[in-house]
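Work out the full structure, taking the sequences as your base and the hints as a guide.
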Amino acid sequence: MKRLLLFVLLVLGFAASAANAQTKKVLLEEFTGSWCGWCPRGIWAIQQLEEQYPGKFIVASFHNGDPMITPAGDSIEAGRLLSAITGYPDGWLERRVYGSKLSIDPNNWPDEVDALVNEASVADVTVTNVTFDPTTRIVSGTVNAKFNMDTTGDFRINMYITENDVSGPAGTTWDQHNYLTGNPSYSDNPFFDLPAVVPNYKHQHVVRAVLGSIAGVAGVIPATAVKGMTYSQTFTYTLPNDIKADDAHLIGLAFRYKKASSGANLKLNEILNVDEVKVTNLKGLAVPATSSKNYITATRSGETTQEITLTNTSNAAAKVNLAIDENNTALPTGWEASISPTSVDIPAGQTATATLKYTAPANAGYASVTVLAMPVADGFTGHQSMLVVNALSAGTKYVSYGSDGFMEKHMGGAYTADYAVLPLDAGAMEAYPASQFDVGIFPNVNFFDYENLNGAPPAVVPTINALLNAGKKAFITSTFGLYYCFDAQAPYFQYMNTDAVQSLMGDKLGIE
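Counting from 6, one number per residue, gives the positions in the sequence shown under the numbering used here.
Treat the hints with caution; some may be incorrect.
Unchecked claim - With a straight-line cut-off of 20 Å between C-alpha atoms, the simulated SDA-like cross-links for lysine to any residue are: (1) LYS232 <-> LYS477; (2) LYS207 <-> ARG46; (3) LYS232 <-> SER373; (4) LYS362 <-> SER348; (5) LYS414 <-> VAL426; (6) LYS249 <-> SER172; (7) LYS362 <-> LYS402; (8) LYS414 <-> THR338; (9) LYS249 <-> THR136; (10) LYS477 <-> ALA419; (11) LYS402 <-> ASN368; (12) LYS283 <-> PRO346; (13) LYS477 <-> GLY400; (14) LYS151 <-> VAL122; (15) LYS232 <-> THR156; (16) LYS151 <-> TYR103; (17) LYS61 <-> ARG100; (18) LYS207 <-> THR186; (19) LYS283 <-> ASP252; (20) LYS324 <-> SER345; (21) LYS362 <-> SER345; (22) LYS298 <-> THR356; (23) LYS263 <-> TYR103; (24) LYS477 <-> ALA399; (25) LYS263 <-> VAL102; (26) LYS477 <-> ALA433; (27) LYS151 <-> HIS388; (28) LYS232 <-> ALA433; (29) LYS151 <-> MET234; (30) LYS232 <-> THR375.
Hints are computed from structural coordinates only; laboratory data are not their basis.
Structure representation (structure tokens):
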């Protein structure tokens, strides 16, 4: 029987940690028309929300019954979601269901947007690699969806092309009708002082094309999306001559799709997240930061460096500012981290390097540093890139997969110099195999959580088996572990009575 340092069963509570998800941007799909005299209510509501939530509130306006109608907009209104549009003006906020319908009146947009922008996002969406050839008028951009949690569903990616300041000849159906003229109920609305028909009105956020059809592009995101994975789709489109490139925008979105004709299921079409960039400037600029190793070994009582590569994927030169993200960096006592240089200029399509430096003390430890890369070009700030590089001290003998304050407080001095706390996640467990340590400590882990028994990361039981197979030692605490494993009446016995558990408990630990 393999050596066992100690096996302890403790009745302890578990704490759940919240995902470090990013704040969402909110998409309003507005339904409007130049003939609609009440639609200035929606126009004014949008203007106010854009001022209140700059960069976080994105609008795509589908027109009906005027020269700005598109086949995609017509397909929404004539197709599967017809019942979701109840009048004009109308709007969908992330395609959420309010009551039994998608539509929500402009009066209610502010409260709903305020709630939505503060939600954690299922996925972060960015539009990158934007190019535009003014000769061929071909525009291209990539929509990226990086998931912040494991989740399942039929997920789609899409791209809209919108245009601002759209207008036509006065006295035609391009003019905006206005029922708010002199109406005392709308005295604070700018349209109160405008005529009943506003000539040469410049319409904003007008949807000109939907590149992935209204149902989006299927198959890019798998049915089970994995936390930390990014799924991308590139769209290419020839911009018609009647669309002004300087006023055109690309809107990238990822959403959960389910074809439905009733309000009960429309909520399954919710937008996960969205991003917007202009066609002819660098607001879509992104400079990804990468490293050949995200898990390194740090020298004790000295310095360890790791090279970071920065790639300018845009068609213009960019300055990239680099910094350590203090809010998402964990350094043990005595550790320091720095990035050099803190700013670098990168020509279009080229790469540059920077150096992350760890300074570690004599005692062992595990550090995790997040590097931020923020590109700036022609006065435009691009999309922030984040890179995490982790480091474990060389010669670490004792590791704990998760922190146990009681144990650390009472650990003997002979152990503390060679002891480090590792996260219980697949990346760290793969980078630093348990078999390389003398002792693996598993404090109050979900040791017998059936979801983690047979390979789903982090695979606790296979990790402990590997440790003991290498002749090393294990210290384990777990809630109700034996009860779940050996009592046929226990609620989870069907999941515990597996070869992996029985091999560990019986063959290695000698417990029957």
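So if I understand the rule, the pair passes when the alpha-carbon distance is 20 Å or less; does LYS402 with ASN368 pass?
Status holds; Cα separation ~11 Å.
Given the hint that LYS477 pairs with GLY400, test it: the Cα-Cα distance must not exceed 20 Å.
Within the cut-off at roughly 15 Å; holds.
Hint check: LYS232 vs ALA433, CA-CA at most 20 Å. Holds or violated?
Within the cut-off at roughly 15 Å; holds.
Can the restraint linking LYS232 and THR375 be considered satisfied, given a maximum Cα separation of 20 Å?
Cα-Cα ~17 Å, so holds.
Pairwise hint evaluation, TYR103 against LYS263, where the allowed Cα distance is 20 Å at most:
holds, 17 Å
Hint check: LYS263 vs VAL102, CA-CA at most 20 Å. Holds or violated?
Since the Cα atoms of LYS263 and VAL102 sit roughly 14 Å apart, the hinted pair holds (cutoff 20 Å).
Next pair to validate is LYS249 with THR136; report whether the Cα-Cα distance is within 20 Å.
holds, 15 Å
For LYS61 and ARG100, compute the direct alpha-carbon distance and say whether it is at most 20 Å.
holds, 16 Å
Are LYS414 and VAL426 close enough, with their CA atoms no more than 20 Å apart?
Cα-Cα ~13 Å, so holds.
Compare the distance between the alpha carbons of LYS298 and THR356 with 20 Å, and conclude whether the hinted pair is satisfied.
Holds: LYS298 and THR356 sit about 17 Å apart, inside 20 Å.
Is the Cα-Cα distance between LYS283 and PRO346 20 Å or less?
violated, 30 Å
Holds or violated: LYS283 with ASP252, Cα cutoff 20 Å?
holds, 7 Å
Violated hints, listed in ascending order, are 1, 7, 12 and 16; each of the other numbered hints is respected by the structure.
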